[in-house]
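Residue numbers (our numbering), protein chains in the order written: chain A, 4 to 183; chain B, 4 to 183.
Calculated from the structure, these hints are not laboratory results.
A portion of the hints provided could be inaccurate.
One copy or two, it doesn't matter: identical chains are merged, so the pair holds either way.
[Said to hold, decoys possible] In the DSS-like style, the derived pairs of lysine-lysine whose C-alpha atoms are separated by at most 30 Å in a straight line are:
1) 145 to 171
2) 145 to 63
3) 63 to 127
4) 170 to 127
2 protein chains.
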Amino acid sequence: MGITSSQVRQDFFTFGGFGLQGYGYDVELLCREIGNILGLGIMYQMVIIGAGNLGQALAKHTSFEKRGFRVIGIFDVSDRIIGEKISGVEIMHIDSLAEFTTQNHVDIAVVTVPYAYAREVVDKAVGLGIKGIWNFASAELKVPDDVVIENIHLSDSLIVLGYNLKKKGRETDPSAAKDK
Amino acid sequence: MGITSSQVRQDFFTFGGFGLQGYGYDVELLCREIGNILGLGIMYQMVIIGAGNLGQALAKHTSFEKRGFRVIGIFDVSDRIIGEKISGVEIMHIDSLAEFTTQNHVDIAVVTVPYAYAREVVDKAVGLGIKGIWNFASAELKVPDDVVIENIHLSDSLIVLGYNLKKKGRETDPSAAKDK
DNA sequence: TAGATTGTTAATCGATTAACAATC
DNA sequence: TAGATTGTTAATCGATTAACAATC
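Full structure from sequences and hints, please.
In structure tokens:
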């Protein structure tokens, strides 16, 4: 992964030593400790807001549950799909989210609504006491200090890829060898 | 977005000045220049490899095309779905990718296959001369120097979110106020 | 001129890397 | 003891921030 041994030791050192000088690491113990630090033992409950292509794809993605992230509800505004089930989880109307949160503990809201609604949806989730936001809308959203947000900006990632492609192409092109 | 004016000026400076001291920036010109640097005028052609939930969701995502990234082919191994069309683009068998690339210019391969096949698929794409990889498999893949790879690690992002939630929870919890 | 704004250099900060002591 | 490996500090590197000169 392109990480130096120095960096590994330095990172472990931040959380206290896990090995024995001159002997090595007990890999099994080390993995367990890192898992504990990352909180991999915890099961988080998620709701997906926005049952479009991406929302449904994430709901069907089975590997999140293995890592401790379970989808317990999907919400949308489109009457056409409300009532349907995705991987055994019902699509409900966004208006019933408030009631849902009183009956179920929700750790994370997955925001897969269009850009224009992201702000509103996040405010609603935060207002209902949800402390984690996994945001797929291409918007930079402000949240209160006690709320954690993690962004997946797909378009940004594509643009970076395109930029690097363009740059790499120029480097290879001898007619533009001078600029780096 | 939490960026200082210093950082904005420093970043612009890297590419040469776009403004006029004491006067300001011509915003329209500036946007155009940044667009040129990022290569937003270019249209890139993409193939999606892996027509599962995520692959299909990305194929249906209309906003990429607006940014200059067009899906021109979808590939999979499942006979059940080959021949189907997603947003007007046909799902083809992965074995026909080689022929496809001789008839169509492909800039980017979007890899949405399971972890176990990612390595193989990327090697194949690179072998066919595709210079850009947009990787959604949770694998750290090595590519040759002239190939650009951009990763979207969804599980990593979720784990970071979970870790920050856990940390924030501890900070709020007065019984564990000491560790930071 | 006075105020405002950008260009450019210098200072600061944080993360990565190197070095070596402390072990087994 | 010799070789190997981790813990911990110091040096290096790069990015962010601050400062101020150069304008309009």
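> Is it within, between, both, or neither for residue 145 and residue 63, if the alpha carbons may be no more than 30 Å apart?
Replying inline: Classified as both: same-chain Cα gap 28 Å, cross-chain 28 Å, threshold 30 Å.
> Is it within, between, both, or neither for residue 63 and residue 127, if the alpha carbons may be no more than 30 Å apart?
Replying inline: both (24 Å within a copy, 27 Å between copies)
>> As a check of your reading, is residue 170 near residue 127 (CA-CA no more than 30 Å) within one copy, between copies, both or neither?
In response: between (42 Å within a copy, 23 Å between copies)
> Within a copy, between copies, both or neither: where do residue 145 and residue 171 come within 30 Å Cα-Cα?
Replying inline: between (35 Å within a copy, 16 Å between copies)
Consistency with the previously given hints is maintained throughout, with no hint failing.
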